[in-house]
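Asks: Spelled out from the first residue to the last, the chains are:
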Amino acid sequence: MCKGPIFELDRVCFDYPHGGQLFKGLELKIMSGEKIVLLGPNGSGKSTLLKLLCGLVLPSAGTLRAFGTEITEQRLEDNRFAREYHQRVGFIFQNSEVQLFTTRVWDEIAFGPLQMGLDLETVRERVEDVMRLLGIAHLQDHSPYRLSGGEKKKVALASVLILNPEVLILDEPTNGLDPKTQRWLVDLLLALNHQGRTIITATHHLELAHVISERALVLSEGHNLVYDGPTAQVLQNRELLMEVNLIDAYYHVHDQERHVHYYIHG
Amino acid sequence: MLPEWMVPEPNRTTSCSAGGRRGRRSFLSKSIQDMKKALCEELVTGHWAKQAGLWQRLDPGVKLVSAVLLILLAGMAKSLGVLLFLWGLIVGLMLLSRLPVLTIQKRVWGFIPLLTLLAAVPGMFNIVVDGSPLVMLYETSHPVTWFGLSGPGSIYITVQGLWAAMFLVLRVGISLSVGILLTATTPLAALLSSLRVLRVPTLFVMVIEMSYRYLVLLLTISIEMFDARTLRTVGDLPLRKKQELVGSSIGALFIRSLTLSEEVYMAMSARCYTGEVTAREKYRIGRLDIAWISIIALISIAVTTGGFVFV
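Read top to bottom, the protein sequences are chains P and F. Under the working numbering, the residues of the first sequence are numbered 10 to 275, in order. Under the working numbering, the residues of the second sequence are numbered 161 to 471, in order.
Do not rely on the hints blindly, as some may be mistaken.
Unchecked claim - Listed next, with one range per pair, are the computed distances between beta-carbon atoms:
(1) H203/P with G411/F: 47 to 53 Å
(2) G77/P with G446/F: 49 to 55 Å
(3) S191/F with P26/P: 46 to 52 Å
(4) K210/F with L67/P: 42 to 48 Å
(5) L413/F with G158/P: 21 to 27 Å
What the hints assert, rightly or not - So, partial list: chain F residues that the calculated Cβ filter (under 10 Å) puts toward chain P:
(6) D290
(7) W323
(8) A430
(9) T434
None of these hints come from the bench; they were simulated from the model. All residues carry an ideal CB built from backbone N, CA and C; glycine is no exception.
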């Protein structure tokens, strides 16, 4: 595993193909083994930033370095480099439907290692191990269409974990999951981080943020990085959270007393 | 503050008025629902493929090759005996594979061969293919003449024509039975990957698989779009408006499918896909497969060299 900085973003900008710009000169450094949460309201650019880190989209200006190498279009066009990079950086999409593109769970999980060129016997062993780890062995012959939201998320996770990535990037991983599955996912992420993996999670689920991260990055509605520091500290910063539209407040009166309540956008 | 028109009317009754004309489910929405149901059943159930029957135990590749061979034999056979033997063999295989033989055979012989027969009817008459008369339908010593062209002196069903039509119907029915035997006893995923046995490129197989997978999703989205539209439609709309709505729904669905395809490609790239697809699980040929290959080879040799084919 890499011990230094994994990602270094230097004055990064990103232009949408249909117009509009995100991150005007974003500076960011992510170290190996960190637990990071990316907070921000809808449309703040969380998913795009994650896709940048994963090499699925590229900056229009500035440089993105990963594992000490600058990530450029030319580099990603080199199949060997692209395979190795995507093996090291795993990405769990917000919408599991896009990630489950085969007609059978087994094929779905085996897709990544087969692309990496692992022999069939090793792939079989790995698929069995990862299915056992996530408790989805009974689903191996099912079609993704038959799966519930939680099961789809588990299969999507298995399809990435089988590549044994150093960095795990998750986009809104708890969306649509019941509390028990959410708890299971959090425990799994903590265990993976304990083993040295870097975990980067985008969410606007504040209750989850303090459990799964030590460092928080907050994006504003104007697509700027407005906070980079300890998660515990930002969760106390009510003003900032209200400013970036992550929490809201309402007042009500009972027992002749005026109360203010804060609630989380979810 | 709510605008005035949103304030509830004070005298409005709580119950909805009834007695209006009942709207019919639109043809389009019904068709989409039915398509989705059929596809889901296909994708999801796999009930017969899970039975502990003979063909379920065979390797999908072996089954695919056998099915192609049986269809070829049925297509080339020129003896009624061979065709009946092949039909008997398939019915026997269906029984051994624990399939509902009666229901399948009713469906097979009840509909599609009838359509084939309709297509084959012209060929039964002497005006298309000449032959020995079997049933005389029309005969005259003075054929009718139109614009210098004289009509036929007689119209009858020929023995050869009837024989050819019967063969065609039998061939279609047998081929259909083989197709059902193969698809009912093989899970879709296994069936698609077995296409590699026939040297179908892996990328092509993957494209078929993905199309199949996302067809259900896009159908679900279409149904939701139509349902949402129905819930917001009061009364019967004029045809032009309906056409506009269907057109805009198709456009919206197309844009969604484009976005989806872009995201799916990203998801594939994120899992080391670089444009070359690596073959997946290889199936193992067992003793039963070898026994079956021997049987089908013997049948093929017996049928082709026994004087029944190409005679």
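Asks: Run every hint past the structure and note whether it holds.
Replies: How the hints compare with the structure:
no. : hint                           : result
1   : H203/P with G411/F: 47 to 53 Å : holds, 49 Å
2   : G77/P with G446/F: 49 to 55 Å  : holds, 50 Å
3   : S191/F with P26/P: 46 to 52 Å  : violated, 35 Å
4   : K210/F with L67/P: 42 to 48 Å  : holds, 47 Å
5   : L413/F with G158/P: 21 to 27 Å : holds, 22 Å
6   : D290                           : violated, 52 Å
7   : W323                           : violated, 44 Å
8   : A430                           : holds, 4 Å
9   : T434                           : holds, 4 Å
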